Amino acid sequence: MSEANVTETAPPASRRDSLRTEEMLLNMGPQHPSTHGVLRLVVRTDGEMVRESWPQIGFLHRCFEKIAESLPYAQALPYADRMDYLGSVNNGLAFCLGVEKLGAIEVSERAAHLRVIAAELNRIASHLIAFGTYALDLGAFTPFIYGFREREMAVSILEKLSGGRLLYHYPRIGGVANDLTPEIASDIRAFLVQMRKVWPEYNALLSDNQIFVKRTANVGVVTREQAIAWGFTGPCLRASGVRFDLRKDQPYSLYERFAFDVPIGEGTKGTTGDCWDRYWVRMVEILESCRIVEQALDGIPEGPVLTKVPRVLKLPKGEVYVPCENPRGELGFYIVSDGDPKALRIKSRGPSFCNLSIVNEICRDVLLADVVAILGSIDIVLGEVDR
Amino acid sequence: MGTEILKTPAPTAEELLGRAVQDPRDLTRYLYYLRNVRAEGLSVAVAPLDAAINWSRASSIWPLTFGIACCAIEMMATGAAKYDLDRFGAGAFRPTPRQADLMIVAGTVTHKMAPRVRRLYDQMPEPKFVMAMGACTIGGGPYSRLGYHVVKGIDRFLPVDVCVPGCPPRPEALIDALMYLQRKIAADRPVTDRYLRPFFSKEKRR
Amino acid sequence: MNPREIHTLLKERFGEAVRDWTEPEVGDSSLDLDSGSLHDVCVLLRDDSALRFDFLRLVSAVDRTDRIECVYHLWSYELAHSAALRVELDRSDPRVASLSDVWPTAEWHEREAYDMMGVVFENHPHLHRILLPEDWEGYPLRKDYVAPREYNGLTNE
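Protein chains in written order, with this note's numbering: chain A, 1 to 387; chain B, 1 to 206; chain C, 1 to 157.
No lab work stands behind these hints, which were simulated from the structure alone.
Accuracy of the hints is not assured; some may be wrong.
Below 25 Å or equal to it, Euclidean Cα-Cα: the simulated SDA-like pairs (lysine to any residue) are [unchecked claim]:
1) K197/A with Y146/A
2) K342/A with P142/B
3) K248/A with G267/A
4) K197/A with P263/A
5) K160/A with P142/B
6) K160/A with G166/B
7) K248/A with D298/A
8) K197/A with S207/A
9) K317/A with D28/C
10) K317/A with W21/C
11) K152/B with H169/A
12) K82/B with R44/A
13) K128/B with P142/B
14) K160/A with Y83/B
15) K152/B with G138/C
16) K82/B with S186/A
17) K314/A with D144/C
18) K101/A with E5/C
19) K248/A with E78/C
20) K143/C with G339/A
21) K308/A with L254/A
22) K101/A with M1/C
23) K82/B with M283/A
24) K152/B with L77/A
25) K152/B with P133/C
26) K82/B with I184/A
27) K314/A with V62/C
28) K82/B with N203/A
29) K314/A with E25/C
30) K197/A with D208/A
31) K317/A with G138/C
32) K314/A with P142/B
33) K160/A with D84/B
34) K317/A with D34/C
35) K248/A with D54/C
36) K269/A with E361/A
37) K143/C with P316/A
38) K152/B with Q56/A
39) K308/A with P341/A
Source: prediction; values computed, not measured.
Please construct the entire structure, taking both the sequences and the accompanying hints into account.
This is the structure:
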């Protein structure tokens, strides 16, 4: 659906010396093979150079906040899953943590461990999609097939655990939906072995691929100051050199018990904070998530998985903001309650929404092809940008 | 498919193929065979044109790359390694509507998006088919009651051929829907009317 | 610094513009401000060496049926502390200064608050609807919002 406005026609040969060029407004999207959903990007181009780009969003605005404040908390939870559909366990977890903090609901240790396992598996699945689709954006098809091969393993584990293939609704207020069985545990261990085995393969395929490095290194550099000022979070922020991970710095759900490293961008192939760094942080995070899952699986205690929560849950008057580390960054729910079974206001702080707002800042004076590389490296999910 | 070959196959043609034609009902092998006998200058007769056209339409459906929301991820999974939509001839996802003949509307359509979806549909060449994937596209799904910005079903502005229920539907469901669509295409009569008379002008059709 | 200490520090600097401290029974506390002083307070919060709030987490507008509140959640990467600011606005004409020159990330958050709740941010560079179409009527997250029966020829029922 590109509407090119070309008003100037080529001048006659006698006037070649005074050849004027004109800037052109181009539309990318909302249906575009490389925009990760229904994002529309209006770019002002001068030949191949992009002078400015304005993201237009809202094509997937599904009224989450209005629905969440019109329904009881337990019923609003599945809608939170549908916000960031690639990290649905992480979304549900953030929502549950908010409600539990305000309602002072205790969660058993076993449930907390299961939440960590599910959330990290979901993070791996999400990063694998990011890996596959990023390669797809840049014109390589094979990594997509590889990424989805391992993702299917993770998804089938989560399916056994929760019953869903994509939207799990696994964390519930007061715990998790289902318990772990020995069969699922052995599946998870097999997946971790497989994931670690194929991880070097991924690097041979893409990370060190010369064409890929040329497309991504030194492209779309976000400095540390820019990243903080524009509200970058998650892998994008860490790629710019800020060692900040909510799992480490504001631990929730027993994350403080597990040993893992927080990778940051170091400018290995180019400048710190370029597209390759953002990509690489995600790749290293896959391994770190494997470590967390392994520790959680080893240390899981016996016990109940779901605390009894009143059928009509009334939270006390007050408000709470709980941030959580989503695969894409800081996801938080700001819950305001006035004592009713329904919330007065639920505001979600989506990482993709904030990460996307920087696009106009960094897509300046870059090549048109680089815009695709930059958008892919930010790894947005439109469901959560638009909510 | 009711096809019949008039001339008995020459053994040389089978040698050309490298294998025998086992089942004359298998049209795929048949067409290979026909190409090869024609190379030898033998006269052959082909079956009803309807069947041949439908067969070619149904076995090379090119969907439009058109992910809107959650269902798009399942659509991608269907096209990827494990489920491999290519086995059904529908794996060639086209990035432009001009080359596509199936629109899988995978995800919630909002009021802001609806005119764009309609426009993409209008840009697709005939014959074109629409698959409504997921509860949201069928009737608004979980957003049907409170979603002020969600269109409650894409059948309000698009002719839908197949609905795939689920939130999101599993890849198996999408494949099943695709096979359903293939059967639907196979039942179509592109060149004959209901008395099985061929028609050549558009006015006479149906 | 905990929110109580930040409140004391702000009270010294801004006096009456900072409301008195109220300890919440459950959940998070917040610093209540006069809407007129919000911009100055935020510049101080960002630049003061003891505060250094460099990250605006979110801007949320809350409709409390008699007034609209704007809540700003802040975080400091350098000093690892957080704070929440709250201003109360008149529901019939909610207006507050834009913070997009203090933290650039506020730009989109404020556009969203305008889109959903109708809060007008003064001196905002580009205050338009962000999620809903430009010709949409009403502000959906207000408590008295009634969803349109029809939009663009498509019924909503």
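Keeping to a limit of 25 Å between CA atoms, is the pair of K143/C and P316/A held or broken? holds, 20 Å
Would you mind confirming whether the straight-line C-alpha gap from K314/A to D144/C stays at or under 25 Å? holds, 23 Å
Need the status of pair K197/A, Y146/A: alpha-carbon distance at most 25 Å? Measuring from Cα to Cα gives roughly 13 Å; hence the hint holds.
Is the Cα-Cα distance between K308/A and P341/A 25 Å or less? holds, 16 Å
Starting from K82/B, check that the Cα of R44/A is at most 25 Å away, please. Violated. K82/B to R44/A sits at ~41 Å, over the 25 Å cutoff.
Need the status of pair K160/A, G166/B: alpha-carbon distance at most 25 Å? holds, 18 Å
Quickly compare the C-alpha distance for K152/B and H169/A to 25 Å and report which way the hint goes. With Cα atoms ~23 Å apart, K152/B and H169/A stay inside 25 Å; holds.
Given the hinted pair K152/B and L77/A, is their Cα-Cα distance within 25 Å? holds, 21 Å
Within 25 Å, alpha carbon to alpha carbon, are K143/C and G339/A? Since the Cα atoms of K143/C and G339/A sit roughly 16 Å apart, the hinted pair holds (cutoff 25 Å).
Restraint check for K160/A with Y83/B, where alpha carbons must lie at most 25 Å apart: holds, 18 Å
Is K314/A close enough to V62/C, meaning Cα to Cα at most 25 Å? holds, 19 Å
Is the Cα-Cα distance between K82/B and M283/A 25 Å or less? The given pair, whose Cα atoms are some 22 Å apart, holds under the 25 Å limit.
Going through the hint list in order, the structure does not satisfy hints 12, 13, 31.
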